[in-house]
Structures are given as structure tokens and as C-alpha cells.
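Q: Listed below, chain by chain, are the residues.
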Amino acid sequence: MKMEQRLRSIYNMNFKKIFPLSLITFISACSQTPFVLEKRVFPFDSYAYIKLFEGDNSNLMDLANIFNRFDELSDNYLQRTITNVFSINQSNDEVQINKDLYDLLKISYDVKNEGVSNYNILCGSLSKKWKESLNNGQILDENIVNDEINKINNSDILFKDNYVVQRLGEAEIDLGGIVKGYVLDMAQNYLKEHNLTSYLIDAGMSSILLGEKKPNDGYFNVDLTEVGLKDNYIKMKNCFVSTSGVYRQGKTINGITYSHIVNPVTGSVINENDAVIVISDKGYFGDAMSTSLMMNTVEEIKQIEIDYSIKTLVIKDKKIIYQNKEIEVFKF
Amino acid sequence: MDKKKLRNDIILIASLLLVAIVSLVFVFVFRTKDNLVAKVYLQNTIVETIDLSTKQDSDYYVDGLKGKVHIKTHDGGVAIVESNCPHQDCVNIGYVYETNRPIICAYNAVYVVIEGSNNDADVRVG
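Residue numbers (our numbering), protein chains in the order written: chain Y, 516 to 847; chain H, 175 to 300.
Since the hints were made in silico from the structure, they are not lab data. Any given hint might turn out to be false.
Cross-link-like lysine to aspartate or glutamate pairs, in silico, EDC-like; alpha carbons within 16 Å at most [said to hold, decoys possible]:
hint, chain 1, residue 1, chain 2, residue 2
1, Y, LYS729, H, ASP296
2, Y, LYS707, Y, ASP796
3, Y, LYS729, H, ASP294
4, Y, LYS750, H, ASP294
5, Y, LYS566, H, GLU289
6, H, LYS213, H, GLU272
7, Y, LYS752, H, ASP296
Reference listing, derived: stretches of chain H covered by chain Y, where coverage requires no fewer than 3 residues with Cβ under 8 Å from a Cβ of chain Y [what the hints assert, rightly or not]:
hint, stretch
8, 214-226
9, 264-278
10, 282-291
Glycine included, each C-beta is placed from N, C-alpha and C at the ideal position.
From just these sequences and the hints, can you work out the full model?
A: Right, dumping it as C-alpha cells:
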């Protein structure tokens, strides 16, 4: 009886006051959307989508500014307010550039020494000619291709003191296949300096930086529909996801698909694979490697995976022809 | 008197629980996945926000950097149907119905993207 009386007493005193309040709090919590900051910017004739699950608006603006800064520096179509790739491509004179561009150029130039054998930043002129030709529904004349390959083989870039560079020969620099990944490396450094771990930065679908998602298990669902695998996805976190593929930018002429990815050795834009996804811990490397691997066989890719600690997914004819055993593909 | 009080308390608690359950159902079921909007950007500024949930056909015209861009919605999707850009890549994409798959007219610095959620994807590769 005493226990019953005690319980009754507690109930009468507290429960009727606390219960409605608890209920309201519970309902509000269930309906709340998680904290998120988002911003879109449009560099590199593409876009960048920055999503932070922590931090503040100043972090968002700082990250957007990183993209905008490198958009200016890497532009090889237009002169901008600052000496950029377009400026360097206009002559064979020594050009003094800023440190950011110097470092970007150096790392892009040297990446071929890291096993990225089918990537060359001096393909700019050839890429432009292929793009224009395919936009007109035509295949680029073989003589022009050979001429451009000749230019590439007889061109070089010299890196000198005080951030001076000199382009030798007639081939043009194009950083399109690496700059987004490089900028994501800059973004990752910034996020680490500010102790931010929960984020997603999407640079035009081809270069993505993932932190840890909040809430849930930290994994992001990465949709593979645009690389030919409709309603399929992979779960990733704390990595760079770099993609090259023909499905979005390729042109089909007489039943053959021509991509925007140029083989710097042969000048061809018919690639071995339809899409390659590279999971890596370095943005610039993943970017350049995903481009390069479009021209490698599966056996070659398997060896490169081992040599350079990356994971890949290779797609051809909208089917997976190779999948690293640590990558699991799910269906929505 | 005690019995009546207890009965009233039970009624009160049961009512509150019913309200809670109905609210939760409302939040989870009717928080539809199709709350999609198309955002139109000119450079980095949003110039138009289009509600796609009504699935109505409509036309929008944006003054891009170098000319007018004609945007249409149809059956919950959005497309750039006319632009004065030389390569017409943006027009050739056609209607987009998926989120985070932007249509980009770089020539005019006009970008159209559907935001919201129509599946559980966080991001797309391509």
C-alpha cells in the first residue's frame, strides 16, 4: 500500500506536468530537419555544390572563394583579371604567375610520374579541336590529329624560380582533367584546419569530396545513374570520388561514341571504357587517374589499383566489367 | 471522486497520445519526397524558383549574359528549350526530372537545377 501511495503521489505531482511537455518535445524533435548549410557556385563552366553539416556561413563563403579563385587561374579560354593558363598559352615567353597557379601547374605536370600514364596537360589545343569538330557532328581529320600530337610531343613546360613558368612549343595547357580534384584537395585542407568533418562537396559530378554524413552511419549514398547504372548506388565516406565517362559528354556518330577524353599518345577520343570511378585519398590524383584509366584495360587497372592504393569501378555498355572487392553496389 | 479523476486523467493521456501519433504520421507520411523546386541561377544568384510539385507546364525567360534563355517546365521536369549559345549543349540535354543534375548554359551563365529529394541519393557521379 505504501508503494502504491508513493506511486500515486509521484504521478499526481509530476507526471501530469511533465508528460505533455515531453510529448511536445518528442514530436518537434521528430519533425526537425538536420542542420545543413548549402551553397552553389559555377566555376569551370560547371558547378560546385558545397554542403556542410557543421560550421557556419563564413566557412561556406571561404570554400566558395577557393573555387572561384582557381576558376580564374585555370581558365584556358579567356583572359581574366589575373595571369592565368590562357595568358601562358599565348606565348613562349617566361611568365611570372602566382604561387597558387604555379603549384597547380607543377602538380599537374608531374602527375604522369605517379602512374597516370594517359594524362597530359599539354592536350589543350587537341581537346579544343575535337570538341569543336564533334559539336559540328564531325570526326576530326586524321591529319589534324597527327599534327596536334606532333605539337604535344615537341612541347614542354619549364618551371623556374620565383614562380616563373615558360611554355615551350605550340601545344596548349589544359587543366580540365585535374583542376576540380586539386581544388577539392585545397578544400579538404581548409576543412581539416577548421576541424570540420561532416561535409559533401560536389564539383560537377566528376569530382566529389566526402566527409562523414550527419546523422546516420556517416556514409553518403552515391548515385550511379549518370554512369549507366540506373538506380544503383555505392556508400562512401571520407574519400574522393572521381569519375570520367562518356555518357554525359560523349557524342555518337555512325554508331561510335566519341568522348571528350583525349588519349595524349594516339590523339584518339574513342576510349577503352565507358566510365571509370576512382576512390582515392587525393583529389588531384583521383581526377587525373580516372581520366587516364578510361584508356586502360581491366587487367592494367587491377595492377594500378595495387600500385597506387586506389579502388575502382569500371563500366562498359552500362554494365560493371570490374568492381574492386571493397566497393559494394546497392539498388535504390 | 478519485475514480472520476483517474478516468479523466486516462482520457487526457489517451487524447495526447492520439494527437502525437497523428502528428507523427502526418510528418513522416505527408513530408513528401516530391517537394521539388527548380532553381534558376544567373551567375551565382538565384533569379527564379519554380515549384515543380504542381507538374504544370510553364515558361520562364531569363536574361543571360549574352542573350535570353527560355526555360520550360513540363510534368515535373525542367528544360532549357532555347538559348543563343553556339553549341546548344544546354538545349540538347532536354528535360531533367532528377535532383542535383544541373542544366548549364555556360555561354549565358544560366544554370538550372532541381533541388529537393526524389530518392535517397546524396550525390550523383557522372
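Q: All hints, please: hold or fail.
A: Results of checking the hints against the structure:
1. Y:LYS729 to H:ASP296: Between LYS729 (chain Y) and ASP296 (chain H) the Cα gap is close to 12 Å, so the pair holds against 16 Å.
2. Y:LYS707 to Y:ASP796: holds, 14 Å
3. Y:LYS729 to H:ASP294: Judged against 16 Å, a Cα distance of about 14 Å means the pair holds.
4. Y:LYS750 to H:ASP294: holds, 11 Å
5. Y:LYS566 to H:GLU289: Between LYS566 (chain Y) and GLU289 (chain H) the Cα gap is close to 13 Å, so the pair holds against 16 Å.
6. H:LYS213 to H:GLU272: Given pair LYS213 (chain H), GLU272 (chain H) holds - Cα atoms ~13 Å apart, limit 16 Å.
7. Y:LYS752 to H:ASP296: holds, 11 Å
8. 214-226: holds (count 3)
9. 264-278: holds (count 5)
10. 282-291: holds (count 3)
The structure meets every hint from the earlier list without exception.
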